[in-house]
Amino acid sequence: MRFKAKITREKGQMLHQVTSSLERIAKGAVLHLSRDAFKVSMIVNSPDLPRGFAELDTKVLFNDLRIESQSDNAILLRIDNLHLLTYALASVKRATGICQIKLVKRGDRPCLCIEAKTDGGMDDTGMHGGESVTQNVPIRVLPVEEIKHYLPPEIPPPDVALQMPNKIKVLRNVIEKTNKFGKYMYIGANQVGNMTLRVEDALISVQTHISDLLPARLEEADMPDIDNSARVKVDIRKLSVVLGLQHLPWDDAHLFVCDNAALYIQVAFSEECASLDFYVPVIVDDQVSND
271 MRFKAKITRE KGQMLHQVTS SLERIAKGAV LHLSRDAFKV SMIVNSPDLP RGFAELDTKV
331 LFNDLRIESQ SDNAILLRID NLHLLTYALA SVKRATGICQ IKLVKRGDRP CLCIEAKTDG
391 GMDDTGMHGG ESVTQNVPIR VLPVEEIKHY LPPEIPPPDV ALQMPNKIKV LRNVIEKTNK
451 FGKYMYIGAN QVGNMTLRVE DALISVQTHI SDLLPARLEE ADMPDIDNSA RVKVDIRKLS
511 VVLGLQHLPW DDAHLFVCDN AALYIQVAFS EECASLDFYV PVIVDDQVSN D
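If you read the sequence shown in my numbering, its first letter stands for residue 271, the second for the next number, and so on.
Just so you know, the hints here were simulated from the structure itself, not pulled from any lab data. Check each hint, because a few of them may be wrong.
[Stated by the list, open to error] Subject to a maximum C-alpha distance of 25 angstroms in a straight line, what follows is the list of computed DSS-like cross-link-like pairs (lysine-lysine):
no., residue 1, residue 2
1, K276, K439
2, K387, K276
3, K508, K439
4, K450, K439
5, K437, K372
6, K439, K418
7, K281, K387
8, K363, K276
9, K387, K274
10, K297, K375
11, K447, K508
12, K437, K508
13, K297, K281
14, K450, K372
15, K503, K453
16, K372, K297
17, K329, K276
18, K281, K363
19, K437, K447
20, K418, K297
21, K274, K363
22, K372, K387
23, K503, K418
24, K281, K453
25, K372, K276
26, K418, K437
27, K375, K387
28, K447, K503
29, K450, K508
30, K274, K372
31, K274, K375
32, K363, K387
33, K363, K297
34, K453, K508
Predicted model, so just to flag it, every value in this text is computed and none were measured.
Make a model of the complete structure from these sequences and hints.
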């Protein structure tokens with residue numbers, strides 16, 4: 271088994287942004303490495319928790335990728351604390367040249383090793399200083415077939431699919447201002463491009479309307495009917511965790527709603543070489559269906 275790749279400072283920064291956003295979802299993660307994709311799946315132990323997944327194109331992410339295994343050149347790794355990888359990738363952000371990521375053994379423990387040369391500025395003699403930084407992230411190698419336990423959840427086709435490139439921040443701001451009024455939020459949307467956010471308790475109801483949204487760009491066979499509408503009930507705090515995307519330089523965002531069943535957000539960024547999917551647990555509620 272072998273994995274070794276070179277990565278530029280810019281792509282290392284992008285990978286750092288991905289892992290730093292995903293670690294908001296859960297502590298542990300699995301990495302599925304192949305010649306085509308670098309995939310990250312967050313490990314959650316309950317269907318009532320948000321879930322996060324990322325996929326990056328290795329041809330864009332890495333330079334000089336070398337990967338070999340007896341499982342069609344695919345490798346599955348488990349990291350019990352994704353923050354350790356995020357911390358290690360910070361050295362790539364400060365690198366002065368090409369960095370290296372490789373699978374190694376330190377004693378009997380397999381690790382992801384990240385090597386970078388950082389800029390130390392001017393030293394006392396007026397020369398440019400710097401240092402070589404090596405970070406070892408402990409991992410566990412899993413059988414590749416176990417990836418089936420870490421795949422995105424199976425959900426029905428969306429009833430409503432909308433573009434949200436300029437509205438994610440609006441949605442987050444609404445949540446920050448209304449979460450004091452209730453624990454749950456009712457989200458209603460239609461394929462025409464309208465969305466309603468409602469929070470209520472026994473004494474007050476706060477409702478926000480968002481309009482002029484565009485339909486998501488999907489294959490024609492997957493496009494919801496223009497007359498479709500959908501509603502879901504979600505925990506505000508869990509939705510807030512998913513919407514913490516401020517670290518991501520995303521270029522496009524979509525919101526998908528399955529009536530009283532599922533809510534998920536997909537963002538894409540950086541020359542279409544990466545996409546992330548965030549799934550928010552939905553509370554099945556008769557009020558949603560009858561609202």
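Results of checking the hints against the structure:
1. K276 / K439: Status violated; Cα separation ~34 angstroms.
2. K387 / K276: holds (13 angstroms)
3. K508 / K439: Judged against 25 angstroms, a Cα distance of about 16 angstroms means the pair holds.
4. K450 / K439: holds (18 angstroms)
5. K437 / K372: violated (39 angstroms)
6. K439 / K418: violated (33 angstroms)
7. K281 / K387: Roughly 15 angstroms separates the two Cα atoms, so the pair holds.
8. K363 / K276: Status holds; Cα separation ~14 angstroms.
9. K387 / K274: holds (17 angstroms)
10. K297 / K375: holds (23 angstroms)
11. K447 / K508: This hinted pair holds, its Cα atoms lying about 15 angstroms apart.
12. K437 / K508: holds (18 angstroms)
13. K297 / K281: At roughly 23 angstroms apart (the allowed maximum being 25 angstroms), K281 and K297 satisfy the hint.
14. K450 / K372: violated (46 angstroms)
15. K503 / K453: Holds, at roughly 10 angstroms.
16. K372 / K297: Answer holds: K372 to K297 is near 22 angstroms, not above 25 angstroms.
17. K329 / K276: holds (11 angstroms)
18. K281 / K363: holds (9 angstroms)
19. K437 / K447: Within the cut-off at roughly 15 angstroms; holds.
20. K418 / K297: holds (20 angstroms)
21. K274 / K363: With a Cα-Cα distance of about 19 angstroms, the restraint between K274 and K363 holds, given a limit of 25 angstroms.
22. K372 / K387: Holds - the C-alpha atoms of K387 and K372 are around 15 angstroms apart, at most 25 angstroms.
23. K503 / K418: Answer violated: K503 to K418 is near 28 angstroms, above 25 angstroms.
24. K281 / K453: violated (38 angstroms)
25. K372 / K276: holds (9 angstroms)
26. K418 / K437: Violated. K418 to K437 sits at ~33 angstroms, over the 25 angstroms cutoff.
27. K375 / K387: Holds: K375 and K387 sit about 21 angstroms apart, inside 25 angstroms.
28. K447 / K503: Given pair K447, K503 holds - Cα atoms ~18 angstroms apart, limit 25 angstroms.
29. K450 / K508: It holds: about 14 angstroms lies between the C-alpha atoms, which stays within 25 angstroms.
30. K274 / K372: holds (4 angstroms)
31. K274 / K375: OK: K274 and K375 at ~13 angstroms, within 25 angstroms.
32. K363 / K387: holds (10 angstroms)
33. K363 / K297: holds (22 angstroms)
34. K453 / K508: holds (10 angstroms)
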